[in-house]
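Visitor: Here the protein sequences come in this chain order: A and B.
Heads up, the first sequence is in my numbering, so the first residue is 1 and it goes up one at a time.
Heads up, the second sequence is in my numbering, so the first residue is 1 and it goes up one at a time.
Hints may contain errors.
Below are the DSS-like pairs computed for lysine-lysine, each with C-alpha atoms no more than 30 angstroms apart in a straight line [unchecked claim]: (1) Lys64(B) - Lys268(A); (2) Lys517(A) - Lys505(A); (3) Lys505(A) - Lys120(A); (4) Lys268(A) - Lys34(B); (5) Lys509(A) - Lys33(A); (6) Lys34(B) - Lys404(A); (7) Lys120(A) - Lys404(A); (8) Lys34(B) - Lys33(A); (9) Lys64(B) - Lys461(A); (10) Lys268(A) - Lys506(A); (11) Lys44(A) - Lys404(A); (12) Lys44(A) - Lys505(A); (13) Lys2(B) - Lys64(B); (14) Lys44(A) - Lys33(A); (15) Lys268(A) - Lys33(A); (16) Lys44(A) - Lys34(B); (17) Lys507(A) - Lys517(A); (18) Lys268(A) - Lys505(A).
If the Cβ cut is set under 10 angstroms, some of the chain B residues that face chain A in the computed set are [stated by the list, open to error]: (19) Val8; (20) Val21; (21) Asn22; (22) Tyr25; (23) Phe28; (24) Pro31; (25) Lys34; (26) Trp46; (27) Val49; (28) Ala53; (29) Ile55; (30) Phe57; (31) Leu58; (32) Val59; (33) Thr60.
For each label pair, taking beta carbons as the anchor points, the in silico distance ranges come out as [stated by the list, open to error]: (34) Ile131(A) - Lys2(B): 32 to 40 angstroms; (35) Ile203(A) - Val24(B): 54 to 62 angstroms; (36) Ala302(A) - Pro31(B): 24 to 32 angstroms; (37) Phe18(A) - Arg62(B): 44 to 52 angstroms; (38) Val59(B) - Lys509(A): 19 to 27 angstroms.
If you're looking for bench data, these hints aren't it; they were derived computationally from the structure.
For glycine and all other residues, C-beta sits at the position ideal for the given N, C-alpha and C.
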Amino acid sequence: MTAIQLEFVDWIIIGIYFAFIIGLGFYLQRFTKTEEDFFIAGRKNSSWVAGIAFLSANLGALELLGMTGNTFKYGMYVAHFYWIGAVPAMLFLGIYMMPFYYSSRIDTIPGYLKLRFDEKTRVLNGFAFAIMTLLVSGINLYAMALVLHTFVGWNWDVSIWISAATVALYVTMSGLLSAIFTEIIQFFLIWFGLFLVSILGLIEIGGIDQLFARTPESFATLWSTSADPSLNGMEVTWAGIVLGLGFVLSFGYWTTDFLVVQRAFSAKDLRSARMTPIVAAFFKMVLPFIVIVAGLIALSLASDPASGFQLITENGQTNYDSALPLLIARYYPTGLVGLGVTALLAGFMAGQAGNVSAFNTVFTYDIYRSVINRNASDAHLLWVGRVTTIVGVLLSIVTAYWAKSFPSIMDYMQAIFSWVNAPLFATMLLGMFVVWITPNGAFWGLVAGMGSSFLMFLAVKFHWIESSILTMSERSSEMAANFWRAWWAWLICFVVTIVISLVTKKKPKEELVGLVKGLTASDDGGETVAFTQRPEFYAIIAFIIFLVLNIYFW
Amino acid sequence: MKSVWYFVGILLTVIGAILTVNGVYQAFSPPVHKPRLSELHAGIWWGAVILVAGILFLVTNRNKTVD
């Protein structure tokens, strides 16, 4: 007996979705003629299109299920991932970093490292990003098959191969363009498919006030219990949230992860590129009204024996990811169930398409053209991109089966981000804002940051050291350990980069024009545009909303 | 090339129409196993919301193209 039973009309809706996105791939192929069309979607998107795609590339079903489950486990603190763990970084990207990225006409983040530093730093980051992307893509695929098998009763192998083949088909045909189209469609399917869970849940419970009245205090606040880790569900202090999540992990992911930043590169001009993460920030702030509210509803129902609601337990372990599927099964009639499952499927597939399109771009530009074939023509690079898409999907399938045989690699997802993104943020920050940082400083700083993060992970995993050494607290959750490890990796990269830069050869200033603050003229025509039309104006509004939300739920 | 919003409109219109029609059918011919709050007929009104959103996207973007 599975949690969700599908009827004929549900299958019709799922079938329409599959047919629609494959048809879209065929349609968009006609407009994908050059390598820029394939890898950067022709650089012609508006800030709305790029902004929603920017957000949706991160909005996989794994995140929706995981964050709803985490809310059940940790409470309101999970909202930090959507607010302090995203919004300041997005606004910083739009206001300060995007001018350097976009104006230098780079195709990838490693491409910026090549211009600002040197080839070896670019290749190091290119390889690290390619491996990370494939691992994350494969683990997502594994998670999708697991979810569909557990909650809908689908065959494991069929789920993996059909969804992977569909993604391979439409990304091979039209690259980033089709990935962005499906991400936008996924965004609407997720809102229309899952927001109703929160609405119906609140109706059953009796409103938002009743929901908070039934939630334990340690699960119902954002900051007021953060002075002592024993007082909050996540067992973390405010310092861990601010430094680890709010600063390093958040800025590391949202400002340097090519998977999301690639969407901003597809914007039609600099203003649109700068507005991309700012538009995304507004939508990011309202996502807790799906995931956090649903998680609290599940918690509230589960604590009331009369509700008949309990999460699935397997071998004595609570399956927190079951919260959202069980709420769908509880409230949704036939038809809406099909829409809910389609929303989850769309989230999984768009997430995989995002990873694959980022992988094919970084591999083609930063590994193939940089190391293997420096004189490749545009047509040849387009061909390489298509082949790489298929190879990337096949490697994701291999990773998915690997994950199936070693389920614990699911635990490494957060760790993978802190290995690659946290140190890279230190390199980017210094590279963009400090003129005298040298290529060797950046390279060895990255090596030290990535290496130390990996070593810290192993040291805690195999009990060579106590995690309290990293978290500076006797009591901490695995999530808190992730925050602190990211902070230390960032700091090590930051310090090593500075120290080595002090004793190694600097790049001439004329080679850094347009890449470093202080050597870059403002080129967005900002002086001639009214303040209310400038990205800064919208960033200020977003930041005020962010502050109000944090104070209201303090 | 047609705008992405046009395709969003097509998909939402089709899904919204199916959900609304299916919701009306279920109102007159209720299933054996009813979900919680089935008396609210969420399929009808939520389907209608999706249908209206889809039609709005379709109408406002039917002639728009992206170069």
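Visitor: Check whether the Cα positions of Lys268(A) and Lys34(B) lie no farther apart than 30 angstroms.
Guide: The given pair, whose Cα atoms are some 49 angstroms apart, is violated under the 30 angstroms limit.
Visitor: For the pair we were handed, Lys120(A) and Lys404(A), check the Cα-Cα distance against 30 angstroms.
Guide: violated (35 angstroms)
Visitor: When the nearest CB of chain A is found for Val49(B), is that gap smaller than 10 angstroms?
Guide: Cβ of Val49(B) sits 8 angstroms from chain A, so the hint holds.
Visitor: Using the nearest Cβ pair, does Thr60(B) come within less than 10 angstroms of chain A?
Guide: Not OK, violated: Thr60(B) not within 10 angstroms of chain A, min 13 angstroms.
Visitor: Does Val21(B) pass the interface check with chain A, least Cβ-Cβ distance below 10 angstroms?
Guide: holds (9 angstroms)
Visitor: Does the CB of Lys34(B) sit less than 10 angstroms away from some CB of chain A?
Guide: OK, holds: Lys34(B) within 10 angstroms of chain A, min 8 angstroms.
Visitor: Between Lys44(A) and Lys34(B), does the CA-CA distance stay at or below 30 angstroms?
Guide: Not satisfied, since the Cα-Cα distance of roughly 48 angstroms exceeds 30 angstroms.
Visitor: Does Lys268(A) lie within 30 angstroms of Lys64(B) when you go C-alpha to C-alpha?
Guide: Satisfied, since the Cα-Cα distance of roughly 17 angstroms is no more than 30 angstroms.
Visitor: Given Val8(B) as an interface hint, is the shortest Cβ-Cβ distance to chain A below 10 angstroms?
Guide: holds (6 angstroms)
Visitor: What's the verdict on Lys44(A) and Lys505(A), does the C-alpha distance respect the 30 angstroms limit or exceed it?
Guide: violated (39 angstroms)
Visitor: For the pair supplied as a hint, Lys517(A) and Lys505(A), confirm whether the alpha-carbon distance does not exceed 30 angstroms.
Guide: Answer holds: Lys517(A) to Lys505(A) is near 20 angstroms, not above 30 angstroms.
Visitor: Starting from the range 54 to 62 angstroms, see whether the pair Ile203(A) and Val24(B) falls in it by beta-carbon distance.
Guide: violated (21 angstroms)
Violated hints, in rising order: 4, 5, 6, 7, 8, 9, 10, 11, 12, 16, 18, 23, 29, 31, 32, 33, 35, 37, 38; the structure is consistent with all others.
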